[in-house]
Amino acid sequence: MQPQPAMDVHVETDAPSAFLSVRDLRVHFPTTDGLVKAVDGLSFDLARGQILGIVGESGSGKSVTSQAILGLHKGSSAEVSGEIWFEGKELVGMREDRMRALRGNEMAMIFQDPLSSLHPFYTIGWQIVEAYREHNKVSKAVARRRAIEMLDRVGIPNPDKRFDDYPHQFSGGMRQRAMIAMALVCDPKLLIADEPTTALDVTVQAQILELMKDLQREFNSAIILITHDLGVVAETCETVVVMYGGQCVEQGSVQDIFYKPQMPYTWGLLGSMPRMDRTRQARLTPIPGTPPSLIQVPRGCVFHPRCRFRDRVGEACTVMHPDLEEIDASGHRARCHIDKHQRSEIFANEIAPTL
Amino acid sequence: MSKTARTEAEADGVHPAAARPDALLAVNDLKKHFPIRQGILIQRQVGAVRAVDGVSFSVAPGETLGLVGESGCGKSTTARVVSKLLEPTAGSVMFEGQDIARYSRSRMRTLRTDIQMIFQDPYSSLNPRHTIGTIVGAPFRIQKAKTEKGVKAEVQGLMERVGLNPEHYNRYPHEFSGGQRQRIGIARAIALKPKLIVCDEPVSALDVSVQAQVINLLEDLQNDFNLTYIFVAHDLSVVRHISDRVAVMYLGKIMELTDRDVLYSTPMHPYTHALMSAVPVPDPEKESRRERILLVGDLPSPINPPTGCVFHTRCPKYREILSETDKQLCRDVVPLLDLKKEDHFVACHFPQVRADIAAAVDVGVTAKEVAVEQAREAVAAVAAIEEAVAEAAPAPED
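Chains as they are written, first to last, in our numbering: chain R, 1 to 355; chain S, 356 to 753.
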């Protein structure tokens, strides 16, 4: 918790009071084609017991962010800079062995594809026990009891029998439950779920999301939910970060993002999905073009090549990189050159009626 | 007992769902069972995976039929059997009045100009060693189709039509993004101006913003070439957007089949209710007010499906509402896909319109129309009763 010497006046280097605080995170990968700026200046805070959603298309830097928080880029060629404060500990510069003690114990992760993240050669039970005994000095029998208790907690029938099953004997939904059991076995304070339900059916997705919300209430852990599905965000999250081209383009409470979004990309996302809860539209309004290359990020605003509203501003969009400007005191921020009031007007008159 | 009842009922003819006179494609009691064999030298069949188990539906020209359900429900197998990538075990597939279910490969080949397919994964459905020109031009070469200005000009025209740059004729699939690759797959499918395109999850691998582009493209092409689609998807919102009719499948059977607006405003099958209530809606307030029907457990194995109604093991209505005698019926008798209302097929012993589920969906005008229609039916029913009473009343006086 001791304050660090200030190196840069613009960067806050004191340990922040928030439970998890990401400050100006950058993850760059040098490749033969050039520098891939997968995450470029991302900042957000997360309180204990809160669920944060990170939304974006593939290649927007969502997963890289979560890997950086868990320190999974250590030892790779990735260049990670910025700060990640977790309960007063700075993670970016932390030694690998100390990181290892945190990982799986105080912070855990659920991956998208449960089949490829479980080891096919070991039983489900063995894999959960391994995670538990790594961080707790207990006997095998105690660990086994704990694992069975967790399997039961996540809703796997006959957990004492299924303990000795191999991953291929589980269905997709059950594998994801087993992954959650494994992630929660040490009661982590922070859980990162990277597209936990994308590979699952809607009915199973509903079960898993319900389970995650239950567990979050019970253990008061903080959850970062990474997804591309705005429906999942609306259902589970309290705060949202919208990412595009490795940057946060809008952040705020779930109400801000869904009822008064301020960034044309968020409008585009909301407009391009067919919705069950509204009158069926004759045509969808897709975002034109394709997501940008992270090697040659567009000059100015990252979104300008696909933005329908860039003529409202003129030159600035193609030349100047917009700041993540604060909209109100509640923490709603957006990265856009269009004037704040004009944006609200555009949303009310042109976007909201078409959603 | 239940099985014989089913075959007897249908022995004399086709299922009403497959008996539309104007249909381009009519599928009647289609079955696809994959045999399970055991033994090292002498292999004998010890069972079968009943992937598709008695499916009937029809598609009119220019219409889109959505096939929706969880993974493992047999929707993709149905699509593959219809396009004859798999041989059906039983049942008929009538395309323009001819049963193509028993067509040989060579006979089927001539029909391939009329029936095409778009696949889910744009990464594995394009040959990485072929250029786009070769891939999209393949149908012309295989079918020896005549082209006005040569295959290359035709292919470049197609590429332009689906929103690709014709100058990329000599590029390889890996040089394109997921959305662009799906456009290549679409160009290949429409090359020979087919009548029916079977789309197997064509947009589920794509990002939201790109998904909307591809859906719009599919709709434009349908209008331009009067295409008929069978659209397989697991996303109920996408299916609602693109389909005219929707079939909900579960464990190899159709549970509910009707017009899109009717299905989404007045769903009758408990499985449809569960599916609809599970779809997350991008509106936090509606989300928090909604009641969600959670299904317990997993999909039963299609090797050994439950007796009676295949859904009864997970059915919330069976578990919570039905009496013991009603439950007995669900366990013993297979519910047929019957007409419960006009043009509304439901395979359930106790179907019920759940307005509260539909209410989560703002269906706008159509919901009103359905309500008006129901009110009219009620008025007509009252009038009929009054008439019957009036007719019956004078009788004792005589």
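Treat the hints loosely; a few may be bogus.
Calculated cross-link-like contacts (lysine to aspartate or glutamate; reagent style DMTMM-like; alpha-carbon spacing at most 25 Å) [as the list claims (entries may be wrong)]:
| hint | chain 1 | residue 1 | chain 2 | residue 2 |
| --- | --- | --- | --- | --- |
| 1 | S | K641 | R | E350 |
| 2 | R | K213 | S | E640 |
| 3 | R | K213 | S | D590 |
| 4 | S | K641 | R | D229 |
| 5 | R | K161 | R | E149 |
| 6 | S | K641 | R | D277 |
| 7 | R | K89 | R | D24 |
| 8 | R | K260 | R | E345 |
| 9 | R | K213 | R | D229 |
| 10 | R | K161 | S | E522 |
| 11 | S | K641 | R | E238 |
| 12 | R | K74 | R | E149 |
| 13 | R | K340 | R | E130 |
| 14 | R | K213 | S | E742 |
These aren't lab readings, by the way, just hints derived from the structure by calculation.
Violations among the numbered hints, reported as their numbers in ascending order: 10, 12, 13, 14
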